[in-house]
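Asks: So the protein lines, in turn, are chains A and B. Counted from 1, the first sequence has number 92 at position 92 by UniProt numbering; the numbering is strictly sequential. Counted from 1, the second sequence has number 275 at position 275 by UniProt numbering; the numbering is strictly sequential.
Be aware that a few hints might be false.
For each label pair, taking beta carbons as the anchor points, the in silico distance ranges come out as [claimed, not checked]:
(1) A:Arg151 with B:Arg244: 48 to 54 Å
(2) B:His269 with A:Pro34: 46 to 52 Å
(3) A:Gly95 with B:Arg287: 48 to 54 Å
(4) B:Thr179 with A:Thr6: 36 to 42 Å
(5) A:Gly95 with B:Asp11: 48 to 54 Å
(6) A:Cys40 with B:Glu53: 29 to 35 Å
(7) B:Pro196 with A:Met1: 53 to 59 Å
It is worth saying that the hints were derived from the structure and are not from the lab. Don't be surprised by glycine CBs; every beta carbon is placed ideally from N, CA and C.
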Amino acid sequence: MRLNVTVNGEPRQAEDVWPGESLLYVLRERLGLPGSKNACEQGECGSCTVYLDGTPVCACLVAAGQAEGREVRTVEGLAEGEALDRVQQSFVDAGAVQCGFCTPGLVVAAHDLLARVPEPTDPEIREALAGNLCRCTGYEKILDAVRLAARR
Amino acid sequence: MDFLRPTSLADALSAKADQPEAVPIAGGTDVMVELNFDHRRPSALLDLTRVPELATWEPTADGGTRLGAGVPYTRIITELGARLPGLAMAARTVGSPQIRNRGTVGGNLGAASPAGDTHPVLLAVDAAVELRSVRGTRVVPVREFYTGVKRSVLASDELITAVLLPRAGGPQQFSKVGTRNAMVIAVCSFGLALHPGDGTVGTGIGSAGPTPLRATEAEWFLTGELADGDLWESPKPLTDSVRRRFGELVAEAAAPIDDVRGSAAYRRHALSVLARRTLGWAWQDYRTGGDQRCA
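Sequences are here, hints too, so could you generate the full structure?
Replies: Quick look at the structure:
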C-alpha cells in the first residue's frame, strides 16, 4: 500500500508499505528518519517514542496502516533549524547522554511532560519517564536534564 | 494482508462479518508485538482506531457507566477516576505513559490474558461486556466472559464494543505485584469492591490461574462477617483475624502455576497479602468516607 502521513509538518508518502509493519519501520527505513530508535519492538523500552496526533506513543506498536492521514512528530522535528529544543539542549548541558541510544525517546517523553506540566515534581518526572529505559544507568543526569529544561 | 479501516461501527461490524479471521487492532500493544516478532501473520487487520463510537463513554440510566472499548487508559485515569475508582487504579498500573496512551480495556478483554490488569476490577464490580455483530448485540457478564487462557466467549464475527460498569456504591481497590511500578506484567493482582447498598463484596484475582478468577468463598465469608457484626451500619475496624481469613480464602481461590514471573506458592502468599491489605484500605475508606487511596 501507499502510505500518506504528515511527518514533522511535512506531508510524506511511502510506497510498497506492508500495512502490518510498524510506524517505526516506516520512519527509519522508508522515510530516512533514524532518530527514533529500534530496540525492543514490544513497547518496553520507549526508545521509539514519537508524537502521534500530539500524543506520545511507541512507534513500534503503531501499525503503518493506522498512521494513514495522521500527524507524526519525531525527535528530528523538535529543534527549530539549528536551535535545539530546550529539552535537547538540557540533555547536552546536564551530560544526560551516555551511549545516546535511549536519548531520542527520553527527549520526546520529557518534551511532552513539560508541555503538560511546566514545573513537574520529581515523582512526576519519574512517572513520565517510566516507559523509557536507559541501560547506561544514566537516570540521575536525565532527571537533572529535565529539571534544567523546566527552569529554562 | 488486508488492512481494513472502517470509519463507523456499522462498517466495522460488516467488515468483521465478511472477514471473521481479521484481527482487530486498536492500541496495538498486544497485536503489534505478535506481528513484530512474527508470531502471527493474520490475513487481515481490522483497525478500530477510526471508529468514533468506540472512543466515547457515557453515564447509563441507572447511574453506571458505558465505557467504549476503545477509550485509552490515559482517558480512564484523567476522566473517570471518580466514576470508576477501581478501574482507574488498575489503569494507572498499566505499562507506561506511552502504553496507557494507546492501550484500551477492549484490548485487555480481547486478549483475555489472565495477567491483564483490568480483569480483577471488572470481576469485582460485576461489569458486563457488550459484544456486537451484524447479527445483533449481546451483553455478557464479565464473570462469564473468560473461558480459558487467552480465550473468551467472543465469537469470530463479533467485536467488543463497550464495557458496562455499575455505579461505584462503595470503596474499590486494586493492587498488583511486580518487580517495579512501571512496565510490569502482573505476578499476581487483586481487585476488591465493597457494595454497601446490598451488603455484598466483590473480588477478582489476576495472573494466578488460567483465567481471571473470583474468590467466591472469600466474598461469602466477608459478606457474612460484615452482616453478623452489623458493621455496615456501625463500621468498627475489622479484626486482624477477619482480614487474615479473607486473605487466606482469596489465596485458596487462586489456581496459580510456577512460571518465569513467580512460583505458585509465592503467588498464593502474595495474594493473601494483597487481599488483606486492600480490604484494610477499602474498609478504612468506608469507615471514614475518605478519598480512595491509590495502590
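Asks: With respect to the beta-carbon atoms only, verify the hint that glycine 95 (chain A) and arginine 287 (chain B) lie 48 to 54 Å apart.
Replies: At roughly 51 Å between Cβ atoms, arginine 287 (chain B) and glycine 95 (chain A) fall inside 48 to 54 Å, so the hint holds.
Asks: I want to verify a distance hint. Is the separation of the beta carbons of threonine 179 (chain B) and threonine 6 (chain A) within 36 to 42 Å?
Replies: The hint (36 to 42 Å, Cβ to Cβ) holds, given that threonine 179 (chain B) and threonine 6 (chain A) are roughly 39 Å apart.
Asks: At the C-beta level, are cysteine 40 (chain A) and glutamate 53 (chain B) separated by a distance inside 29 to 35 Å?
Replies: 33 Å, holds
Asks: A range of 48 to 54 Å was offered for this pair. Does it hold for the Cβ distance of glycine 95 (chain A) and aspartate 11 (chain B)?
Replies: With Cβ atoms ~53 Å apart, the hint holds.
Asks: Could you say whether the range 53 to 59 Å given as a hint is met by the Cβ separation of proline 196 (chain B) and methionine 1 (chain A)?
Replies: Once the Cβ atoms are compared, 55 Å apart, the range 53 to 59 Å for methionine 1 (chain A) and proline 196 (chain B) holds.
Asks: Range hint 46 to 52 Å: satisfied by the CB atoms of histidine 269 (chain B) and proline 34 (chain A)?
Replies: 47 Å, holds
Asks: Starting from the range 48 to 54 Å, see whether the pair arginine 151 (chain A) and arginine 244 (chain B) falls in it by beta-carbon distance.
Replies: The hint (48 to 54 Å, Cβ to Cβ) holds, given that arginine 151 (chain A) and arginine 244 (chain B) are roughly 50 Å apart.
Of the numbered hints stated above, none is contradicted by the structure.
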